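Novice: So you can see what is in the structure, the chains are spelled out below.
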Amino acid sequence: QQPVQSPQAVILREGEDAVINCSSSKALYSVHWYRQKHGEAPVFLMILLKGGEQKGHEKISASFNEKKQQSSLYLTASQLSYSGTYFCGTSGNTPLVFGKGTRLSVIA
Amino acid sequence: GAGVSQSPSNKVTEKGKDVELRCDPISGHTALYWYRQSLGQGLEFLIYFQGNSAPDKSGLPSDRFSAERTGGSVSTLTIQRTQQEDSAVYLCASSLGIYTEAFFGQGTRLTVV
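Line order of the protein sequences matches chains A and B. Using this note's numbering, the first residue of the first sequence is number 107, and each one after it goes up by one. Using this note's numbering, the first residue of the second sequence is number 174, and each one after it goes up by one.
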């Protein structure tokens, strides 16, 4: 079952913050976050394995609420380089399946 | 290898012809995935291999699509009697397991004319 991402698209000015949400109707064991720039392959950002775990990567962090089957990706003080499409992937009883993506555009 | 390698990088084929897409995963990665990405769309799951077996083939769009993996390494995705709606980028990814980071290849862009 494909996870659901929201919002579908967001436009930010440099320095602004954003949150991307990911939810699933099925029990999850792990949540993966990837970023894909136009014409390139998706690149791994982080993986979360435990309920309530929070991880960080530079100014990008994520949380995973296993009980609610939800994860959120937090981008703070956004930079132009953050532009791209963000995908959450989930695995539980199924292998890694991805949401439809959130298109993030950061403008100067 | 240093990363996931896919070939060819581009393929143009005539409608009705068969095509084979190849994926060479990172050495030692037992999990291998195939995804399809149409222009501006998300990552559509096609099939997953653990070793040489495919426990989940649920994403294959039709019986024209098949995939195999040999020696726990190289995988081929075959599309028979290609249709125009098969045009997309086909991405392969590999990982140590389904709960670990997946590494993507650069994809094969398939165009059916």
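If you are wondering where the hints come from, they were derived from the structure by calculation, not from laboratory data. Treat the numbers as computed from the prediction; the structure is a model and nothing was measured. Check before you lean on any hint, since a few could be wrong.
[Unchecked claim] Calculated Cβ distances over 12 Å to all of chain B for the following chain A residues:
id, residue
1, Gln108
2, Gln111
3, Gly121
4, Leu151
5, Ile153
6, Leu155
7, Glu164
8, Gln175
9, Ser178
10, Ala183
11, Thr191
12, Ser197
[Said to hold, decoys possible] Chain A stretches covered by chain B per the calculated footprint, using a threshold of three residues with CB under 8 Å from any CB of chain B:
id, region
13, 114–120
14, 124–134
15, 165–173
[As the list claims (entries may be wrong)] No more than 25 Å apart at the CA atoms, straight line, and that leaves these computed lysine-lysine pairs for BS3-like:
id, chain 1, residue 1, chain 2, residue 2
16, A, Lys143, B, Lys184
17, A, Lys132, B, Lys190
18, A, Lys206, A, Lys132
19, B, Lys184, B, Lys230
20, B, Lys190, B, Lys230
21, B, Lys190, A, Lys206
22, A, Lys132, A, Lys165
23, A, Lys173, A, Lys206
Built from N, CA and C at the ideal position, the CB exists for glycine as well.
Novice: Hints numbered earlier in the text: which of these fail when held up against the supplied structure?
Specialist: 1, 2, 4, 5, 6, 11, 12, 13, 14, 15, 17, 21 and 22
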